[in-house]
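Position 156 (the sequence shown) corresponds to 156 in my numbering; numbering is contiguous.
Because the hints were derived from the structure by calculation, they are not lab data.
Incorrect hints may appear among the rest.
[Claimed, not checked] The list that follows gives simulated cross-link-like pairs (lysine to aspartate or glutamate, EDC-like), each with its CA atoms no further than 16 Å apart:
#1 K95 to D116
#2 K373 to D361
#3 K341 to D355
#4 K95 to D120
#5 K341 to D135
#6 K341 to E316
[Claimed, not checked] The following label-pair restraints were derived from C-beta to C-beta distances:
#7 L427 to F40: 33 to 41 Å
#8 N146 to K309: 46 to 54 Å
#9 T137 to N252: 34 to 42 Å
The beta carbon of each residue, even a glycine, is placed where N, CA and C say it ideally should be.
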Amino acid sequence: MSISYAMQTGVSGLRANSTAVGRISENIANANTDGYRRSFVQMVTTSTLSDNAGIAPSGVRAVQGSDVSTGGAVRTTASATDLAIGGQGFFVVSKQPGETNEANFMLTRAGSFLPDENGDLRNAAGYYLAGFPYDQTASIGNVDRNQFGDLRTVNLGSLSQTGSPTGEMTVSGNIPAQQTGLATPGEPFLSSAEYYSPLGEAERMQFSWQPSATASQWTLSISGADGAQYGEVTVDFHDSGPLAGAPRLYSNATSNAAAPAGFAFDAATGIATLTVDNGAVPQTIEVSIGAPDSHTGMTQFAGDYSALKIGADGAESGVLVRTEIDERGDVYGVFNNGSRKPLYNIPLAEVANPDGLLAADGNAYVLSRNSGKFSLNQAGEGSAGGLTAGALESSNVEVAQELTDLISTQRAYSSNAKIVTTVDEMLQETTNLKR
1 MSISYAMQTG
11 VSGLRANSTA
21 VGRISENIAN
31 ANTDGYRRSF
41 VQMVTTSTLS
51 DNAGIAPSGV
61 RAVQGSDVST
71 GGAVRTTASA
81 TDLAIGGQGF
91 FVVSKQPGET
101 NEANFMLTRA
111 GSFLPDENGD
121 LRNAAGYYLA
131 GFPYDQTASI
141 GNVDRNQFGD
151 LRTVNLGSLS
161 QTGSPTGEMT
171 VSGNIPAQQT
181 GLATPGEPFL
191 SSAEYYSPLG
201 EAERMQFSWQ
211 PSATASQWTL
221 SISGADGAQY
231 GEVTVDFHDS
241 GPLAGAPRLY
251 SNATSNAAAP
261 AGFAFDAATG
271 IATLTVDNGA
281 VPQTIEVSIG
291 APDSHTGMTQ
301 FAGDYSALKI
311 GADGAESGVL
321 VRTEIDERGD
331 VYGVFNNGSR
341 KPLYNIPLAE
351 VANPDGLLAA
361 DGNAYVLSRN
371 SGKFSLNQAG
381 EGSAGGLTAG
391 ALESSNVEVA
401 QELTDLISTQ
411 RAYSSNAKIV
421 TTVDEMLQET
431 TNLKR
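Using the sequences plus the hints, can you model the full thing?
Right, dumping it as structure tokens:
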């Protein structure tokens, strides 16, 4: 080995170990950075062939990498939009909201998302969270999970729910059998039900159950909140056998509605069809009282009268009051009208080799040839991890290990520096030979 080779070897050691110190310093500095993945340096021997086909003295070079596949500890927070991934996968983010260029999407584990001034969810690094939007039918449709084109920025600002009219209503409850068959029947039993107009306004209709002097027979009258009558029907109930208490017969259906309002009753199904005069086009509502010979709707048993249980579709118009995110990545909006509907699904991007991702600014990563192809998977399904709302993933850096590595690397740097100074002294001695 010549003196110049020794000098080059020492310099390569200085360069490699200074790179290692830089990575260790970066790890220590980001020990408290949410979702951070530690970087590291591996020392690789370098050598070249000499002129006589022998192996020249070896140097060293630093090969940098990141420990992306190892997760960090999860801690709880007070923010409902903070997200932590328990397992594999990455959030898909972009630098700008409403991004459409697939080349501008990146991956991250930093889930400290908060709405900005426009309601777009953005993390502490300034990256915007992407997800698949749900439509009005609570479906995300057929999305391509092997590209970013169907993703949209998750926005929670100024969301409102348009009202939808009630089209179907179910009525159930119990009326007391002992109130029928009396010489002088008592007062009717009254209940009301809420339904929604085409403009999303809550309105009410009333149900009156008048006991008859005939045992197990009642007259049902339906009217509007203003007292305007729709119609009435006679209901006979079974008084014995396995069908006791269930409707036996519907008869004498009579419409009392003033056009364009209307009333019709299907005795075979126990469904009343009401035409409500509340707009240029009247609203039609089907009210199911209970099919004959069935205990699924209204019943008549001895005992107390139970207030009617009403099931109705439709919704009142409302505005968003809070959001909820489940372990599958579904973002739900809770509105001031009491309804809850899905808004977005947050997929998790998975790649074949997470450690092959390239680090980008802001604790994010970009795809590379070494990382392999990606897929946008449902959180909590297959190999994708589950999501925890109100939590953040901590850095996977172990400070004690980094400090130990720092001491070891500093010693190696000092040793290589000693090689350089020793070779310098040897060269000085060689220079002095001419004297």
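Hints, verified against the model:
Between K95 and D116, the direct Cα distance comes to roughly 13 Å. Compliance with the 16 Å bound is thereby established for this hinted pair. A C-alpha spacing of about 21 Å is found between K373 and D361, which places the hinted pair above 16 Å, so the restraint is violated. Of the supplied pair hints, the one linking K341 and D355 is violated, its CA atoms being roughly 37 Å apart against a limit of 16 Å. Note on K95 and D120: the hinted pairing holds, with a Cα-Cα distance of about 12 Å set against a maximum of 16 Å.
Taking the CA atoms of K341 and D135, the gap is near 10 Å; set against the 16 Å cutoff, the hint holds. Taking the CA atoms of K341 and E316, the gap is near 13 Å; set against the 16 Å cutoff, the hint holds. The hinted range of 33 to 41 Å is satisfied by L427 and F40, whose Cβ atoms lie roughly 35 Å apart. A C-beta distance of roughly 47 Å is found between N146 and K309, which places it inside the suggested range of 46 to 54 Å.
In this structure, T137 and N252 meet the distance hint of 34 to 42 Å, their C-beta atoms being roughly 40 Å apart.
Checked against the numbered hints given earlier, this structure breaks hints 2 and 3; the rest are met.
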